[in-house]
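Novice: As a plain string of letters, each chain reads:
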Amino acid sequence: ATIEDTFPWSDEVKIDHKSIVGAVKSLLVDEYVASSDLSASFFTLSKEGEGILANGSQEILVLQALIEAGKLSIKDLQQKVGKDVSKIGMGNCMKNKWAKKDGGDLVPVKTMDEVTDDVQAALKTLSDADGAANGMDDKVVTGLKKRKLISQVTRKSFKVTRGPQYAPTRVKKAADLTKEMLDSGAWKTTPFKPYNFTTLGEKVGGGYLHPLLKVRAEFRQILMEMGFNEMPTNKWVESSFWNFDTLFQPQSHPARDAHDTFFIKEPASTVSVPEEYYERVKKMHEVGGDGSIGYRYDFKREEAFKNLLRTHTTAVSSQMLYKLANQEGGFTPQKYFSIDRVFRNETMDATHLCEFHQVEGLVADYDLSLGDLIGTIETFFKKIGITQLRFKPAFNPYTEPSMEIFGYHPDLKKWTEIGNSGMFRPEMLRPMGLPENVRVIAWGLSLERPTMIKYRINNIRDLFGHKVELARTRTAPVCRFDSVLESDQ
Amino acid sequence: RTYTDEEFDELCFEFGVELDEITSDREEAAKSSTSKLSKKELAKFSDAVIYKIDVPANRYDLLCVEGLSRAIKIFLNDMDAPTYQVKKPAGDEATTATKMTVEKVNTDTIRPFVVCAILRDITFTQERYNSFIDLQDQLHRNLCRQRTLVAIGTHDLDSVQGPFKYDARKPSDIQFVPLTPDDKGSFAAPDLLHFYETDPAAKHLKPYVPIIKDSPLYPVVLDANDTVMSLPPIINGSQSKITLQTKNVFIECTATDLTKANIVLDTVVAMFSEYCAAPFEVEPVTVEYQDENGSLVDSYVTPLMYTRREKATVEYCNSMNGIQLTGDEMVTLCNKVQLGPATLCDDGKVLEVTVPPTRSDILHAVDIAEDVGIAYGYNNIVKKIPNTNTVGGEQPLNKLGDLLRDEIGRAGYMEVLTHGLCSIRDNFTALGRAVGPAVSLSNPANVEYQVVRTTLLPGLLKTLQHNKSASFTQGFKLFEISDVVLPDNEWVVTDTIVGSKNARRVCAVYAGPTSGFEIIHGLVDRIMTLCEVAPEDEYMANSAKSKEEEYRVSKEGWTYTIAELDSTDTVAGTYFPGRAAAVLLTSPESGKRIQIGTFGIIHPDVLNNFDIQYPSSCMEIDLEALL
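Protein chains in written order, with the numbering used here: chain R, 57 to 545; chain D, 205 to 831.
Watch out, some of these pointers could steer you wrong.
In silico lysine to aspartate or glutamate, DMTMM-like type, Cα no more than 20 Å apart, as pairs [unchecked claim]:
1) R:K470 <-> D:E222
2) D:K374 <-> D:E496
3) R:K469 <-> D:D224
Just so you know, these hints were derived from the structure itself, not from any lab.
Pulled out of the complex, with its shape left as it was, chain R reads as follows (with noise of 0.2 Å):
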């Protein structure tokens, strides 16, 4: 029970052969039948190849024309023997001797006798021995493809044993479990394909939410998680009063240039803001008060009243703390967060856009000290997998004491600034109205580095904006950090 070729088997049985060799894939995997590799390599003839069999090759014809007529011109020959037979006939004639030019004439130098047709010989050979060319000579061989009279081809076939799983009746496998099973009960009875174990499955479609609206996600409830309450901020346009006069941040501060930050052409100027406390900043900023010297400039109201887009959040953490000092029944301690958009008017690269997401939390209370801020900090960076911090004395123009806070980071693996921090400035928390001994805590990042560094993108440009990339949102993984728990300690 052994086919020894497939391909001769095939004339045997007259099926065609790719048939068989469909037929013989589908029964090795289920089994059926073993099978064994073979091919042969031969040669068929082209058409032009054919022709010469039959006819002699090329410069015998033209040879023979020559001889009938004793001499022909060109144009003649052409017409006598057909185009394409005088073009390459003639030139393997004169090329072997066997013609010569007179004038405008083609001659004869042999007669038919002195030659022999080695091509159609070759050809016969070739052909009589079904394409194999065993014993010939390689050149010939090698001139006749050349002259593409031949080309080579190699056929594939089996030879076919029965295999393991052999039966002498074939029972189709099947690929799936279906209703169809479930109803009749076939899955019983039925034999099952194996499974693919090393292909991926299906897509599962679907939508996607992107890498960095995950992460804000997370810091949301990390910031809810430790008793934070949101802040609105919703309000992109600012008034130079909140964004940075309140702040203390002096109106001849660089920050407030316009290669820093856009203003806003329409509308320009700030249409009102709260004038009692308007008046008390500007005095802050004049000649100071409450313990401080102030900035000793001309404070302008039309420098106060730009309005811009927002450069931090911060503008609107000095409004929830102006109500804080001024709501029914005094202040109360508060601890308060936001992340939103802000907007700087820099120079774009691969870490920097006109605008991003800045992070924010806040604390207000009597007494708070640094202590109390490098914990604050600690305990929220330790949510997000950040346990060895370093700070370092910086300057902010609205925080003092303020510090630059640098982690190691678990996935960079070297130490890297990872925010700013500070105690709110009491020349702007004292024209608030708040009491003079409640203090401010705060500290604040970007939420597209740590994206960035949790997703690995390098350029931010393929975080935010229309050109990124989606199949980096649908590949991005849920946001999760390895949050270090205060009962793991």
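Since chain R is already given, all that's left is putting chain D on it; use the hints.
Specialist: Same frame as chain R, now just chain D:
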């Protein structure tokens, strides 16, 4: 002692400056991408090690190597903080060289103030000279705000003749040989400014030209012989040029802000008086302002070298930092951070420190407390969790937004995050809408930042445009929930009206082989279901009565319906005619139908404007209406 780079980095960190980079001129030149230099060319650059250090923006005394190394040495207790002395010379010089007369009427029109000082018997080396110039550049850049507030002029005192004058004169009357260009002889001021504006060789001076260019009078500093010493804030005269051989230096700072002028002058003097024969000594200059009749109206002596005593209680410094130090310990720490000599008073409860002229950043006791903290070491402070008990919470609008984001994601839409700023074209004309009110920027960085968007749609359409190669056969669905900004002159937040208001929107698009109008329509219905808003009966009349309707939960008095969008609506141009709908909401508050959004098939012209090849539909509705 010698520091390794790591130890130096650590020291910088503790002190509060940042060691940014360790490099050399050669290394910088090799890195420069503009020109590839050969080894031989590179060898011409110095390989002397350069430490690039970031200093806090309010510490002008750390802007030169003299000040920074002095501060760090004091921080390490390697030296005592210097005491600066303003010392009048004996004899005649006091009345001639050391006087500056200001023609107040004239200077008031352009640059009112001047302050001066003289450094006697100074010794420059090339290194010191470079640092002297560099400090002036640094100060000009930040504290002086590109010379608008203050401009520093330094002169070889022996090449000019006191007393000096500060005036503002008609530009054409000012004629002198400037420092730059140094080979073209004398210029009249208007020609000189024109030269700076146009000549590439003077492009570093071009930015300062506009500060005075259009003024009828230009400020000018002159000596007793009317020799022009400087044309502030632009250039000095060549006559008083400082060289390595200069022994006596006259410094003038002209300004529009007198406080800053004094800070600048004090800083320069404090840094470079170190190289005087009597270190840290400076000679004062009397500045007299006179009116048009030559009568004295004001006068003062500079430099102030303003040293004052400030107090902070020991308790306050401890409490701010969360530390427990004794008064005596604080006194020692104050000396480290240049607030010495410090003493204790009021039974040791109050710390009194000396604020030197270099510490113009000290405004309040809090600044003293901070310096105590820095000297103590922030990383030595014991951390604690504040006892502030509060309940966390979120903004209802943000909460609704996040809940809907999850739901719309579940509905098969992909979330995008697009820019709030866009061009007028993208926001209006490309959407087939007339240019309407929007918050516009006065200094857009490029055309993409002309206005704050009033619709989320351009961001989504541009996302489609950038994803042409994606497969649209299954339909491509995008959404975003974010803010737009609308002009609004009545919106009050914190007793403040800025003239605009944010609006939170939800926007979605579908693009595919067919327009997907019903798909987007379905999303609108879905959002309403999620927000507990029931369809009006009439609206449902032609829908197959689904059993699901029996389970619908909705808020009392909240219903919605849709209607064909009025062709005069401001957004109608975005949609294919006859395939645009208005979403109409009735709430108990309004008691009537209010249009809160639209949806429909996007007009082929709009698709073309955004280079989108597939039929698309979109929706955009106001989320705040559904709160």
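Novice: When you check the alpha-carbon spacing of K470 of chain R and E222 of chain D, does it fall within 20 Å?
Specialist: holds (16 Å)
Novice: Between the alpha carbons of K374 of chain D and E496 of chain D, is the straight-line distance 20 Å or under?
Specialist: OK: K374 of chain D and E496 of chain D at ~16 Å, within 20 Å.
Novice: Given the hint that K469 of chain R pairs with D224 of chain D, does the C-alpha gap stay at or below 20 Å?
Specialist: Status holds; Cα separation ~19 Å.
Comparing the model with each earlier hint shows no violations; every hint is respected.
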